[in-house]
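**Student:** The whole structure should be built from the sequences, with the hints applied where relevant.
The primary structure of each chain is shown beneath.
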Amino acid sequence: MDLAKVKVAILGSGNIGTDLMMKLGRSDVLELTSVIGIDPESEGLKRARELGYTAIDTGIEGFLERPELADIVFDATSAKAHIRHAKLLKKAGKKVIDMTPAARGPFVVPAVNMGTNLDADNINLITCGGQATIPMVHAVNRVSPVEYAEIVATISSRSAGPGTRANIDEFTETTSRGIVEIGGAKKGKAIIILNPAEPPILMRNTVYALVEEGTMDEAKIVESIKQMEKNVQSYVPGYRLRTDPIIDGNKITIFLEVEGAGDYLPKYSGNLDIMTAAGVKVAEEFAKNQLAKQLV
Amino acid sequence: MTRDIYITEVALRDGSHAISHQYTVEQVRKVAKALNDAGVPYIEISHGDGLAGSSLQYGLSRTNEMELIEAAVTVADRSKIAVLLLPGIGTVKELKEAAKLGAKMARIATHVTEADVALQHIHAAKDLGMETVGFLMMAHMAPIEKLVEQAKLMESYGADTVYVVDSAGYLLPDQVAERIRALKQSIGVNVGFHGHNNLSLAMANTLAAIKEGATRIDGSVRCLGAGAGNTQTEVLVAVLDRMGIKTGVDLYKMMDLAEDIIAPILQTPQEITRDSLTLGYAGVYSSFALHAKRAAAKFGIDSRDILIELGKRKVVGGQEDMIVDVAAEIAKSKAISI
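Protein sequence lines, in the order shown, are assigned to chains B and U.
Each residue of the first sequence is one higher than the one before, starting from 809 at the first, in my numbering.
Each residue of the second sequence is one higher than the one before, starting from 99 at the first, in my numbering.
Keep in mind that the hints were calculated from the coordinates and are not lab data.
Treat the hints with care, as some may be off.
Said to hold, decoys possible - No farther apart than 25 Å at their CA atoms in a straight line, the calculated lysine-lysine pairs in the BS3-like style are these:
1. B/K994 x U/K191
2. B/K888 x B/K898
3. B/K1059 x U/K391
4. U/K224 x B/K888
5. U/K430 x B/K1059
6. U/K191 x B/K995
7. U/K432 x U/K410
8. B/K1101 x B/K898
9. B/K1075 x U/K412
10. U/K131 x U/K194
11. U/K396 x B/K1059
12. B/K1075 x U/K410
13. B/K1028 x U/K396
14. B/K888 x U/K191
15. B/K1034 x U/K430
16. B/K854 x B/K1075
17. B/K995 x U/K194
18. U/K430 x U/K410
What the hints assert, rightly or not - Pair ranges (Cβ atoms, derived):
19. B/K1038 x U/D272: 51 to 57 Å
20. U/K198 x B/L896: 37 to 43 Å
21. B/E849 x U/Q120: 56 to 62 Å
Yeah, the Cβ is synthetic: ideal placement off N, Cα and C, and Gly gets one too.
**Tutor:** Given below as structure tokens:
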């Protein structure tokens, strides 16, 4: 007999939804049953049908008529739509992983604070820059208190969608909050840069951290950073340090690169891959927790 | 006053790069007062990388830029205070703060191909009652058709002026002329030009832009700007006066400001050093010069090698973190080859 799996659905049949579809097909603990969109002709829904999933083309209302299809729902629509979806899904008793910047639920970075959020009914994934850099801020902070952390995320222009572009302040503001609330820095700052070079560049991130005077423990910090790299790699295989961290007085500079898995989105868009990979990781942790409870 | 050309003085913003963002309230007050008294219509003040640019990435400001803006506003009764904002670095929050202090013009700067990130900020600036400029940086990196398309976007968002910004000081006079001409033919709002003097062409480029119809021009007194600096304002005023083009700026007062107030602020005179010449030659963002010099010293390599490599990799404005990254790589490959 197959091991029990928890049923999940994807709301949103765009690029992110389709990439999630590819990733979920490989999960040991999640069973993707359905993809929900609003356009029966959309590429995403066509692909869902081809892969044998239930394709619902009447939006969230269509899903709510068949709530048995999933216990966990990924929302890969938009921040605006999510506000409505969040209420309806909460009422229906579903756990929700919010891929949009709506920030209704607690911020989660799987490598840092998954454990404390297993009972939350709505999880927000902050931003791509946050998913890539907050683990490193935390890795430094768990050794030496971080007074200030600053991150610079550079992504290829092609991987920045119209939503990100029209609302770029949301990225800097939400990421800064995440650096403090989840990374543990006393103060945080985030910068995002779009680079149009062809062929498109991989997502790059630089993390600067200033630790409290007199607390720099170079060997321990580097060790902690390398452990964190492995931890994130366990769910984002293309996540890596570009070089060894550079330490200068009480400042640590960390250079990161994220290559996407190339499931549906191109490899250069590591910024999108890290979001879908983190989403799947959160759902798997939810599922394991739920399955463990059923066994008791 | 009738003016044919409206000058925006950028020494207190672009010039901030040249002095590693160390302006004091006292210096800004003196410079802004002198610019105001000389009749310069717009004075730009912010961190060199725009509002909220103070960072480990670009250099920390000695003084909070809001205090500098406030100081300038209080002494400028004729000139308008402008601020620069790069979406992705600064946000609407800082724009509102600057507007509240009395800034009247918002210049929203994006890479030449990325105008759509400016929509939100141009709209916000308009709502705050500010005059708006769409500032298309690194203009040499896109074909003219692309520049035109992006300028039209800026215009559609409500920009009152669209600038061609030669951030690398790379463009040659003919290239500036064809860009300005293309914009004049395709957009209805004012067209501006911002040059850098890395190839000693800032003045020639500015004149080429004016000849093709640009009416908004950036200058920096005593060339106080990133790289080799910008078009030297006091010289531009003199040249345009000879050409019978009215700027409304008092030449003697500008000269005195340059000599008596700006020169003492400069730690080293603004010259075309080998680093700034390399910026213009390789097409690299002008504010990278000082960072590359520091990285070269740290890794024991030639700063020109860093800049040339950055040019090859098509690095855009704001990617200062690439400098140390590339320097470390060059140092490593040198160590291996030895």
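**Student:** Now, for every hint given, state plainly whether the structure supports it.
**Tutor:** How the hints compare with the structure:
no. : hint                         : result
1   : B/K994 x U/K191              : holds (20 Å)
2   : B/K888 x B/K898              : holds (16 Å)
3   : B/K1059 x U/K391             : holds (19 Å)
4   : U/K224 x B/K888              : holds (24 Å)
5   : U/K430 x B/K1059             : holds (22 Å)
6   : U/K191 x B/K995              : holds (17 Å)
7   : U/K432 x U/K410              : holds (18 Å)
8   : B/K1101 x B/K898             : holds (21 Å)
9   : B/K1075 x U/K412             : holds (19 Å)
10  : U/K131 x U/K194              : holds (24 Å)
11  : U/K396 x B/K1059             : holds (15 Å)
12  : B/K1075 x U/K410             : holds (22 Å)
13  : B/K1028 x U/K396             : holds (24 Å)
14  : B/K888 x U/K191              : holds (21 Å)
15  : B/K1034 x U/K430             : holds (21 Å)
16  : B/K854 x B/K1075             : holds (23 Å)
17  : B/K995 x U/K194              : holds (22 Å)
18  : U/K430 x U/K410              : holds (18 Å)
19  : B/K1038 x U/D272: 51 to 57 Å : holds (55 Å)
20  : U/K198 x B/L896: 37 to 43 Å  : holds (40 Å)
21  : B/E849 x U/Q120: 56 to 62 Å  : holds (59 Å)
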